[in-house]
Amino acid sequence: MIPELGLFALLLALPVALCTGVLALWGAQRGQAAWMSLAKPGSVALALLVGFAYLCLTWAFIQNDFSVLYVAQQSSSSLPLVYRIAGVWGGHEGSLLLWLLMLAGWAALVRFFSRALPEALRARVLGVLCLVAAGFLLFILFTSNPFLRLLPGAAEGRELNPMLQDPGLVLHPPLLYMGYVGFSVAYAFAVAALLSGRLDAAWARWSRPWTLAAWAFLTLGIAVGSWWAYYELGWGGWWFWDPVENASFMPWLAGTALLHSLAVTEKRGSFKNWTVLLAVSTFSLSLLGTFLVRSGVLTSVHAFASDPARGIFILAFLVAVIGASLLLFVWRAPKVGLGGRFAPVSRESLLLVNNLLLAAATGTVLLGTLYPLIVDALGVGKISVGPPYFNAVFVPVMMPLLFLVGIGPFARWKSASLIEILRVNKWTLGIAALAALTLPLVYGEWRPLAALGVFLAAWIFLAATLHFVRQARATQGGGGLFASVLRQPLHFWGMHLAHVGLAVFVAGVSIVGAYEAEKSVKMAPGDTVDIYVYRFRFLGVQSVEGPNYLALRGEMELSEDGRAPRRLFPEKRFYHHSAMPMTEAAIDAGLWRDAYVALGEPLDRERPDGEWVVRVYVKPLVDWIWGGATLMALGGLLALLDRRYRRRRAATPEITP
Amino acid sequence: MKARHQRLLLIVAALGALALIAALVFSALKENVAFFYSPSDIKANKAPQNKLFRVGGQVEVGSLKRQEDGVTVRFVVTDNIACVPVQYQGVLPDLFSEGKGAVVQGRLNDDGIFIAQEVIAKHDENYMPPEVAQAMQTAHAENAGNPQSQCQLPDAWTPDP
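Taken in sequence, the protein lines are chains R and U.
FYI, in the numbering used here the residues of the first sequence are 1 to 657.
FYI, in the numbering used here the residues of the second sequence are 658 to 818.
None of these hints come from the bench; they were simulated from the model.
Each residue gets a CB set at the ideal place from its N, CA and C atoms; glycine is no exception.
Accuracy of the hints is not assured; some may be wrong.
To be verified - Derived DSS-like pairs (lysine-lysine); straight-line CA-CA distance at most 30 Å:
hint: 1; chain 1: R; residue 1: Lys382; chain 2: U; residue 2: Lys708
hint: 2; chain 1: R; residue 1: Lys414; chain 2: U; residue 2: Lys708
hint: 3; chain 1: U; residue 1: Lys700; chain 2: R; residue 2: Lys382
Claimed, not checked - A few chain U residues facing chain R, derived, Cβ under 7 Å:
hint: 4; residue: Ile668
hint: 5; residue: Leu681
hint: 6; residue: Val748
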């Protein structure tokens with residue numbers, strides 16, 4: 001009964017979304033206040049209906065209702081409760097429902113936090129969101145109904161893929177989807193601007209916090225996914241340039257460009273067309289990501305075995321959304337206007353370079369991701385594009401961008417002097433260069449790529465700090481420097497925190513890339529293996545019973561001079577419902593390094609207490625990668641809380657002269 | 658410098674940078690693309706020597722042998738028509754097992770042994786990589802009248818040295 005109610009709610013949500021979307025947009029175009037006013041209750045009703053449907057599906061999971069096909073495929077009664085709740089988004093149908101829930105949730109948030117918005121703009125934004133939701137509702141109802149019954153019901157479910165039974169599943173998809181789908185708000189604002197032909201500083205100010213929120217969530221979502229892959233897959237890698245990772249990374253790159261472009265549009269009224277185009281591209285890339293992940297065209301962790309109708313539907317939806325908004329762009333963009341002029345060296349031009357580099361980076365990732373699909377479609381052969389391509393292309397494009405991150409905040413709007421900026425920064429540049437020459441020696445050998453990374457990281461960090469202090473000095477109003485530092489606006493804090501996060505990330509990536517060490521060795525109980533100053537002693541393997549698996553648990557002693565030895569317990573798990581084993585790595589995490597141990601296989605399957613092939617890694621600064629990403633996301637959230645985004649119906653904000 | 662000249666300079670610089678990036682992309686693509694071949698393709702000498710590529714098929718039952726050092730493994734990948742001997746140094750993915758599909762990436766050495774740098778795992782036990790499924794289907798169709806597998810391993814191949 002409950003699943004039918006859920007399905008009914010979805011069926012009801014479709015006309016609600018369609019009517020709200022069409023009437024609100026039509027009303028805004030015709031200036032019909034009555035139709036426009038439908039947008040508010042319509043979007044709330046949509047969120048309630050979708051939320052109800054989502055709860056119904058969750059209920060079916062909690063109650064182990066295996067007469068629902070999706071539940072029978074994804075869950076089992078021995079599955080711990082937290083994974084039954086998170087298991088809702090463990091497969092295709094449920095993850096789409098989560099997508100839709102996020103979309104409806106964002107629309108409801110826009111409805112409640114849009115008091116300052118003009119009626120017509122709000123109606124358009126909500127209308128566009130409702131139409132996108134309608135598209136996804138059609139998709140779910142026609143190709144991916146999660147409430148489909150299995151008659152007769154199964155006695156027991158097939159259980160969630162063991163690889164997904166991990167805290168990562170609880171965090172990664174919701175955060176990622178919050179980000180992915182959050183860009184739909186930026187998209188809706190862009191389409192609304194095109195429809196009305198009104199795109200000014202106020203528009204940029206309204207759409208900025210939404211973009212920041214989506215970006216911060218996407219950053220966190222990608223970081224959690226990367227961390228999950230790091231400890232779960234047992235290879236110790238944090239990024240594989242897997243097509244599905246790229247699918248989430250492309251909207252991130254485009255979204256980062258959008259954030260910076262929005263700053264120019266808000267402050268100077270420039271880059272308007274470009275900003276709109278970026279907003280459309282970012283959401284289109286989110287949709288493309290959904291298509292790549294969910295259509296099964298790719299071989300990947302996330303590719304569920306799926307039927308081609310789904311792929312075709314998403315592709316058609318993608319073409320409709322991108323095509324319609326690009327047509328609208330071509331038709332209306334000239335109305336939106338250009339904006340203020342600026343000199344070749346100015347904050348505008350630096351942000352323009354930022355945008356061009358990020359767009360180029362997005363393009364290279366897009367090409368590398370789609371190239372195998374294109375080649376396959378042309379019938380030339382089957383190919384794969386691996387990490388070497390992405391590293392060879394992506395890293396050189398990012399280098400100048402990272403250098404400019406330090407410069408950018410020092411540049412004035414309209415016109416700036418590069419010489420002046422470098423003069424102010426002679427000490428920060430000098431210290432960064434010194435750090436690059438010396439710090440890599442800590443790891444024994446000086447390597448150029450590591451040194452370059454250290455230089456860029458130190459430079460970004462020092463330049464951000466210097467800029468912050470100088471700004472605080474300039475605005476000192478009594479109470480000393482410290483009080484003035486605390487008085488700086490949140491968006492300013494946010495920007496520098498995000499940039500410092502980037503510096504931390506860059507330091508982590510370059511040091512772990514240059515100095516990580518790995519050994520795959522055969523070990524009998526009592527054997528030791530040394531990496532750097534660390535000694536790993538293998539103590540043997542025992543079997544341990546888990547809630548829904550049997551584990552072979554290895555014991556490894558990690559010792560180094562001057563510290564008490566620690567025990568690590570890597571596991572090989574055999575889930576009752578699955579024929580395949582699962583490797584659970586054991587990690588001794590630390591600020592300066594991770595020690596990472598994963599069990600391979602026993603040399604003799606009959607004697608698991610004997611010799612094993614074991615993989616051990618030492619990874620310096622690897623946690624800085626996710627720490628840096630978290631700082632970036634926090635920076636975004638801080639900026640979002642800035643007071644100026646909370647003003648009620650302000651007069652058209654001033655443009656910096 | 659006039660504003661117009663400045664703008665022109667800016668555009669030229671941007672175009673130059675784009676051209677540079679495009680050159681980078683194409684050279685990187687040319688060098689780092691791995692083509693997919695089936696064991697039958699390799700038997701027919703369609704696969705390149707000393708260039709990175711991928712092979713996919715079924716891991717022949719009973720062929721997986723661990724070498725003396727414990728870390729090097731040898732196994733045979735087959736599409737039921739032809740087969741390729743593979744050597745790999747490292748820990749195999751969890752979902753790798755005999756009788757299941759697998760994709761390996763690496764190079765063919767002079768002895769006809771495929772030296773794998775990477776063994777790509779499936780992430781779900783019910784999932785078959787599409788390349789492998791297609792390769793096995795094609796091989797099956799081409800060999801409809803001749804059900805016997807013609808698996809010939811090179812002389813240099815000794816699973817148990």
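message: Are any of the numbered hints broken by this structure? If so, which, sorted upward?
response: 2 and 4
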